[in-house]
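Visitor: Here's the letter readout for the chains.
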Amino acid sequence: MSEMIDIIVDSQSYKVQNGSLLIDLLIKEKIKVPYFCYHESLGADGNCRMCMVEIEGQKRPQIACDTFIKPGMIIRSKGENIEKVRTDILELELINHPVDCPICDQAGECSLQEFYMEYGLHDSKISISEKVKHSKHLDLGSNVMLDQERCVLCARCTRFTDKITYTHELGIIGRGDEAKVTTMPGRKLDNPYAMNVVDLCPVGALTSKDFRFAQRVWFLQTVDSICHGCAKGCNIYIDHNKIKYQDDVIYRFRPRRNDNVNGFFICDAGRLSYKQLQENRLESAILNGEKITQMQAIAKAKELLAKHKENITVVIDANLYTEEIEAILAFAKELNAKVCSPKEVYRDESFKDDMLRSSNRAANYKTIERLNIDTKEPDSSSLILNFNHPQDFEATSVINFLTHNRLSLGLSLPIAAYSENEGTLTNEDGFTQKCEKAIFKNVPIPTIIEHLIRLRR
Amino acid sequence: MRDCKIVSRKFELPNSHTLEVSKAHGGYKTLEKLREHSPLEIIDIIKASNLRGKGGGGAPAGEKWELMPQNSLKPSFLAVNCDESEPGTFKDRQIITKDPHLLIEGILITCYAIRAKHAYIYIRGEYKQFQDILQGAIDEAYEDGLLKECDITVHRGAGAYICGEKSALLESMEGKRGHPRLKPKQKEPEWFFDNPTLVNNVETIATVPFIVQNGADAYRAFGTEQSPGTLLFSMSGHVQKPGVYEAEFGTSMMEYIRHFGGGVKGGKKLKAVIPGGVSCGVLTAEECENLTLDYEALRCMRSSLGTGGMILMDEDTDMVVALKNILEFYHEESCGQCTPCREGTGWSDKLVAKILEKKGTKEDLNKLLEIADTMNGKTICVFAPAASAVIVDFMRKFRDEFEAKL
Ligand SMILES: Cc1cc2nc3c(=O)[nH]c(=O)nc-3n(C[C@H](O)[C@H](O)[C@H](O)COP(=O)(O)O)c2cc1C
Ligand code: SF4
Ligand code: SF4
Ligand code: FES
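Heads up: the protein sequence lines correspond to chains X and D, in order. Quick note, the first sequence lines up with residues 1 to 457 if you use our numbering. Quick note, the second sequence lines up with residues 458 to 863 if you use our numbering.
Okay, chain X solo, but in the shape it has when bound:
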């Protein structure tokens, strides 16, 4: 580690590591400097030329993303000169931009729009007909759509496929103002992390087919959560919205930075897994295929518990929150029941890769291990209580607590999905992480803990 030194930015002193990148300091300290091409995960490319600052002793403005901090540096990020430089470069950036913000999905979270409000605000000097024309909707594959006209050629997307996934599907062709992003001849964007380019793209050039035209981003509410796709526990944002008179709906998952876990990205399978939270949900209790009320279901469950005093097995899904698992264990103890969480179903070697995806597809498996819960199949039992474990079990009687519809016999009670509840998970590397409650349904589905309380009454 190199030494900490002092530098001055806009008359204020900062302690920083000698030789570190100036732009990282500016980002960390929230000193506003516009930029497109730099990204902490991709490093500097220096192509957008937007991150200009003045450095005392240097004749010309310098780009912050390629400036390594040296002792005693004096930097100005504000002031008439440097702002003029930015305004001029921004004007050039916009010269061939279609400015179709009203129909652009990025509007509201677009760097170009933001910088224009800050530094631009000039009238267009060129008519639309004179602008360079490119393709406006290219289907790149993997749910990613490209609008070449909106592209600022920051090369974040191409650097992602070159340096992060090593799949090299994307490239830039053509020179000068004819340069454009596209896929390599005969290839599609096709890798398990492809949709991250949508988040990386600072403008509305890359949009997700899954999300485009679905919602204006400023209507969305954002909640911190953890993806339940596998034991990696990638940090995500859940973006949701409740339109008046309708139910609260998730519109997308986005990666949330966590350098200990997932860095900047998530896999596409995890990103799209939000859909499963809203599809084929079990919403009312069911007894042998017939809908019954919650009250009837609880009464029926109590009856079964009273009937089978012995030889009860409780099966726990390794995706449940730690708080839920612990509550179930306490309940099982009261029943004098055996507890297990059969692990074979969670193993999926085909899912594993060397980036993020784990072959263990249970988000809280570590907790099952920590609590010494048996991971073998249950012995034959007279009553099985299945808390959302993906397998179906046979016994004289079965009580299921399920998030989703299943063709199982016996009694099934609906339970809230993780997005409708809060709790903690421990990922495969031992990091315990919290999920917030994102979704408030018009008719809430009870959580496991609420069910257990009723069963005890």
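It is worth saying that the hints were derived from the structure and are not from the lab. A quick note: this is a predicted structure, and the numbers were derived from the prediction, not measured. Hints are not guaranteed to be accurate.
[Said to hold, decoys possible] Below 35 Å or equal to it, Euclidean Cα-Cα: the simulated DSBU-like pairs (lysine-lysine) are: (1) Lys-807/D x Lys-131/X; (2) Lys-642/D x Lys-59/X; (3) Lys-490/D x Lys-605/D; (4) Lys-728/D x Lys-781/D; (5) Lys-59/X x Lys-854/D; (6) Lys-275/X x Lys-441/X.
Following the hints, position chain D with the ligands against chain X.
Guide: What follows is chain D with the ligands alone, placed relative to chain X:
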């Protein structure tokens, strides 16, 4: 004018491109005594000669050679820059077609000095027929056993001017898009697949055998103190006898034009000269009057010597049309990574087109200068600043012609 054929000495001989003719006239002679010197001694000779890079920048070659590690664990490479795409420049192709063995000899010496075992010649894509001659010479050299300790591979470019910029050239050789790289913060070699690499122009390397054979002083006997030696200067445009003629630095420009070029075509009056390829600031006829052809004299004129490829324009030249011609080139050839360059070259080209259509306004002229200002000093490579200087110089020196078209 003093005769000073260093690089072009064998150009006029019949079949000068063959090994036989080359050897008969002293080709490869330096190799016999090369090993009497250590690699570092060779570098010292080049440093003492103050040989300056002939690819446009004029950087002292010896200092660049010295940056190459002498005991590297990684292999070292030499990349010879034969991308020659600057309008007005056509000297390197004379070397590879008239005396390719001189280049090969220079490569062998250079590789010995920098301890490289493999040299690449990056050749402009359009130079296919010249490449064939060069390759023929390399094949001959292989057959003759000259390339036992050093391989030479010709790498053909795909037709982008920017690949002449040394780091873009290496990106291109690595199989990537020809984008110039961010400049290193300290003096260091170039890198080819992360291996230390020296990039030199064809003519620079072709000058090396003479210096090693005859000594630094023999080279310094030509030219000026700061710009020693000779250059394959060339002329195109409105000149009686366009072509490539070697001359020493410090030669009077007008004398050179009269002596080798036979003056302005059709006996017309000279209006302007772009001294060394289009990237060099345009000079008016008056400015050329007492000008000498060396780096320092041209720097004084706020222009540059570049590659020494002079473009002459006579009194009837429409300078707005001339600027449009050059801007079309920049518009076409910007690699497109830096925003100011990608958008500025296109926009300025469109503005000059508008002026030529007589639809321009005073505001457009100001806008042109503003764009030029944004392109200057704010990009990764000097392509954009060159385009910027072209616009500024044309408009500063011939403003009336632009205003007349509004
Ligand atoms: C836009 C641009 C184009 C260039 N084109 C060429 C070229 O075609 N040939 C060349 O030798 N050098 C060219 N150069 C200069 C090279 O970057 C490099 O400085 C040179 O090859 C070094 O060789 P030298 O020191 O022997 O001149 C170009 C530079 C720039 C910025
Ligand atoms: S598509 Fe987006 S990420 Fe890719 S180069 Fe264009 S602006 Fe950058
Ligand atoms: S200045 Fe122009 S040619 Fe040079 S790197 Fe930038 S965009 Fe490419
Ligand atoms: S962020 Fe620095 S040049 Fe783009």
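Visitor: The structure should be examined with respect to each hint, and the outcome stated for every one.
Guide: These are the hints, each one checked on the structure:
1. Restraint check for Lys-807/D and Lys-131/X: satisfied, since their Cα atoms lie roughly 10 Å apart, inside the 35 Å limit.
2. Our distance criterion of 35 Å between C-alpha atoms is met by Lys-642/D and Lys-59/X, whose separation comes to about 16 Å.
3. Note on Lys-490/D and Lys-605/D: the hinted pairing holds, with a Cα-Cα distance of about 17 Å set against a maximum of 35 Å.
4. With a C-alpha separation of about 17 Å, the suggested pair Lys-728/D and Lys-781/D falls inside the 35 Å cut-off, and the hint holds.
5. Between Lys-59/X and Lys-854/D the alpha-carbon distance is near 26 Å, which keeps this suggested pair within the 35 Å criterion.
6. About 16 Å separates the Cα atoms of Lys-275/X and Lys-441/X, which keeps this hinted pair within 35 Å; it holds.
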